[in-house]
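> Given chain W's structure and the hints, the job is docking chains V and E onto it.
The primary structure of each chain is shown beneath.
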Amino acid sequence: MFKSLSTQSAALKAALWLCVIGLPFFATPAQIDIASQVWLAAIGAISLMLLTGYAGQISLGHSALLAAGAFSVGILTKEFSAPPWVCLILSPVIGALLGLLFGLPSLRLRGLYLAVSTLAMHVLVVYLGGEYETKRGYSTGIVVDPPSLLGFTVQTAVQWYFFLLFFAALAYLLVRNLTVGRAGRAWALLRTNETVASALGIRVDRYKLLAFVISSAMTSFAGGLFAYYRGFVSIEAFSIYLSIQYVAMIIVGGMGSLVGALLGCAFVTILPYVIEGSMAQLTFLSSQAGAIFAVNYAVFGILMIAFLIFEPQGLSGLIKRFLPKRSSD
Amino acid sequence: MRQQLALATILALGSTAAYSADTIIGITGAITGPAASSYAPAVDGLRIYVERLNKAGGVNGKQVKLLIQDDQGEPSKAANNAKKLLQDGAQIVVSASLSSTYAPIIAEAKRAEVPVLFAGSVCPKEVFPPADKLLFCTTAFTAEYDSRAAIDFVKETKGTNLKLALGAMAIPVSRGGIDFAEGYAKSLGMTIVDKQIIPPTAADYMPFATKIKSAEPDLIYSWAPWINQVRTFEAMRKLGWQNTFVTWGHLEAEEEMVRLKDPNLLVLGANALFFNGDLPIHKEIIAAAKAAGSTSNPNQLTEGWIAGLTIETLLKQIGSDNSSERIRSAMQTLKIDTKGLRGGPIEFTPTNHFRTTQYYRIYKWDSASNQITIPKNWFKYEIDPAGAGSR
Amino acid sequence: MQLIVNIVVLTSLYALVACGYVLIYRVSRVLNMAHGELMMLGAYALFATASGISGNPVIALLISAVLSMFIGLATYQVLMRRLTGSSVLAAVLTTIAIGILIRGMVVLIWSPQPQYPARLLGLENPSLAIFGDARISMLSAVLIGVTVLVYSGLFLFLRFGSWGIRLRAVGQNALLAAQRGINLHAVFAFAWGISTFTASTAGMLVAMDKGLDSTMVMIGLKAFPAALVGGLDSLFGAILGALIIAVIEVLLIQYVDPLLSDVVPFLVLIVMLTIRPWGFFGTREQLDRV
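Chains as they are written, first to last, in my numbering: chain W, 1 to 329; chain V, 1001 to 1391; chain E, 2001 to 2290.
Chain W on its own, in the form it takes in the complex (with noise of 0.2 Å):
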């Protein structure tokens, strides 16, 4: 029917649009609600593709930037009352804030000293939101209420999809811009080799500082909005498994590879359910108590593996393997 390429992957795009833009349509609540934690997690997924799979840094600091971005949202609203949209601003300022402070020591280095210094931004944001919830009386957790912009609050499950796939979308273009400009040929060429990148004079300290700041603010402000969508902050929310699943997402997608992100971050968010509705229909959930939560951690750690090793494009790479292939004309 479509003869050229072009058409058949825009009729292709569209198709997808049109089930993405359709789901709340015809799914549960529940439903709806794995789609939202799937877009959700899209912001984060995708910062950390530019910060490892273009970059190439790996950090252990997700989990303590969501945390950072969702505690400014609950600090600045109990403390200062301050309205979502100054909120919503200043937390990717936080987490930017913190990328400088914990990227500039690591970065300067060759090597994987990032990673060790996220570790201890790890330890050291959830000692400081754990002594925020005490000292203030929020044992518990923090709650805060839903957002309200523009006049135009978002409360139903609906309008947070919508909501959360708005800031996927910018989040999408937003590191697609940065990755076909200048600072993304850097980048690339970084990745590949630090001493030719840095013997055709491009600063490449800076270049990494940048996208991990960039990072950093953008995932922080998904913890930002994270807050708002859970209505609630609480300490033991950020765990460094946390930080791990989106390690895992950006391997599963492919590195380098923003489609990529996408991928593996609806593959691992929606990994987990799945893993859970197939063991409750092959054994009685409570009796095999101790066993969903640790086949999530064993699967996870084999499919990052198997994917390391034997297919570093990750799910990305495989897709493109499998798409018709241009005819030689």
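Simulated from the structure, these hints should not be mistaken for lab results.
One thing to keep in mind: the hints can contain errors.
[Claimed, not checked] Each pair of labels, with its calculated beta carbon distance range:
hint: 1; chain 1: V; residue 1: T1357; chain 2: W; residue 2: K78; range: 30 to 36 Å
hint: 2; chain 1: W; residue 1: R176; chain 2: V; residue 2: S1323; range: 19 to 25 Å
hint: 3; chain 1: W; residue 1: R176; chain 2: E; residue 2: R2284; range: 36 to 42 Å
hint: 4; chain 1: V; residue 1: S1214; chain 2: W; residue 2: S278; range: 50 to 56 Å
hint: 5; chain 1: W; residue 1: S278; chain 2: E; residue 2: M2138; range: 46 to 52 Å
hint: 6; chain 1: E; residue 1: V2247; chain 2: W; residue 2: V158; range: 55 to 61 Å
hint: 7; chain 1: E; residue 1: I2130; chain 2: V; residue 2: Q1371; range: 31 to 37 Å
hint: 8; chain 1: E; residue 1: V2271; chain 2: W; residue 2: E311; range: 36 to 42 Å
The beta carbon of each residue, even a glycine, is placed where N, CA and C say it ideally should be.
Just chains V and E now, with coordinates in the frame of chain W:
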């Protein structure tokens, strides 16, 4: 005759309209995940209770359908679970998980006007007077009253002229409880010589214990997750400190007391320990657990069992109309016979969804008789209806 | 006096764990993020051996130790080997994945309940009085002894053992070493084996002293500042780093605020990264000027 038949048919149809099918209860709990060992038994307890209930014919001829979801202690999962349970028709949502999962569950349940029963995890302040219409709690422990009971017991047995050290874990709930204990003990005239807040990630408790020991306390009170309490205790003993250590009886407490065999470890609890094993209710639980092939230790199933008792009492009270509105209104005033599992009944009133009276016991190991004994049997605290104690 | 005892015990623990990071980093520049999990796996191996194979402490410990060395060798041979040659990034990511996998497997196989291997082995862990009024648990004393043994062994081995020399050679210049006929894969595998062995030993001792549960992986994380402050490729640095971090922790708990004992070591790490990223005794890394 025909008229009577017609009338009967109409009546029958009318009552079937009011007759809804099974009662649906949803539970989201940390069945797996890092916190599972503290909460999974509660879920198991409820499951076994409901299974047994259904086998015996249910309540008023209706079965209780229990939908179980695992939230692994994660707020996002819990939110999703709540949505799923509600969309599957849950008329009560039970929660046995970390307090970080509460807010999303509460938000979802409120939207659907479905009551939430906290069974196994710390009671949120909204269940204390003036209670939120939809939130209820049957869990044994609660920071403030526990601390009050412990300190009062210390005052009773050792007076107030003593040096007390406090121990907590660096999580907000535990710290809140110990902060309260500090204030209360001071108000009674006790001297607080140290307050140790130990990070959950501590590799070695010796340095913390050393600090406490150097303050030379006469007594230590610790209110935190069990692992923290027991490690602090063991470290103190390793350092040669032999005085009294008062702590909360989590579900692991009974077994651990047997393992530790320490005559100066005092455990404050609100549940009846099983060593009493002759309590009919304990025999019941052990038998039911065995029949259901449960892998949990029966002496850890109490919280879940009490949730089961709560639900059965509620359903018996409302009779044949198990509609959601009826459930909601009936829960406001409920009296649950705990059959000896607690010191007395659990009573809800429209303003108090915690219980009107909280009962405590003190347990301790006795080396002479080689078993756990009860130095102080059930003593109680009336929950302040004005809501002064709301944590 | 008790403080000094506490410091020495904690130093030994961190040093024993840190030397594993150092060994692998030295030969391959890979940060093994699964080190904490491997430590935990070793402890569970002891538990499994004790409950399944033999209740005799000596036999159980020996079997577990050998087992853990094989686990290390196997981890390299089956997984990490395929990544040799590709970027270090991919290798480190793989270690993260391995860590998660181990966490899952451990709970699947043994349940999340805390375990007490010492009880299984019938080992008493009495509190010994030393130097007057200071106390130390017997197993903590054993830990100190083991750490001393391990480090002495490693120093001698690296200095004089033929494989030790190869290890050092590969660490200094892998290409040259390979050209001289050294089997790189064998050396890497060996490093992984020893690293896992030392980590497991630490894990087993901690498990017997205090108990075994999944929070043990945290020790692996906390040993990071120790390794880095000393220098990620220096064994001697690991001891020094462990000492510094242990001193900071214990003194903070005693005189300042116990909560800070978790955070400050990592702040020290950041400071170290800023002023002297290669630690006290590490080889200078190349620096890009900011």
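> List in ascending order the numbers of the hints, as given earlier, that are violated by the structure.
As far as the earlier hints go, only 2 is violated by this structure.
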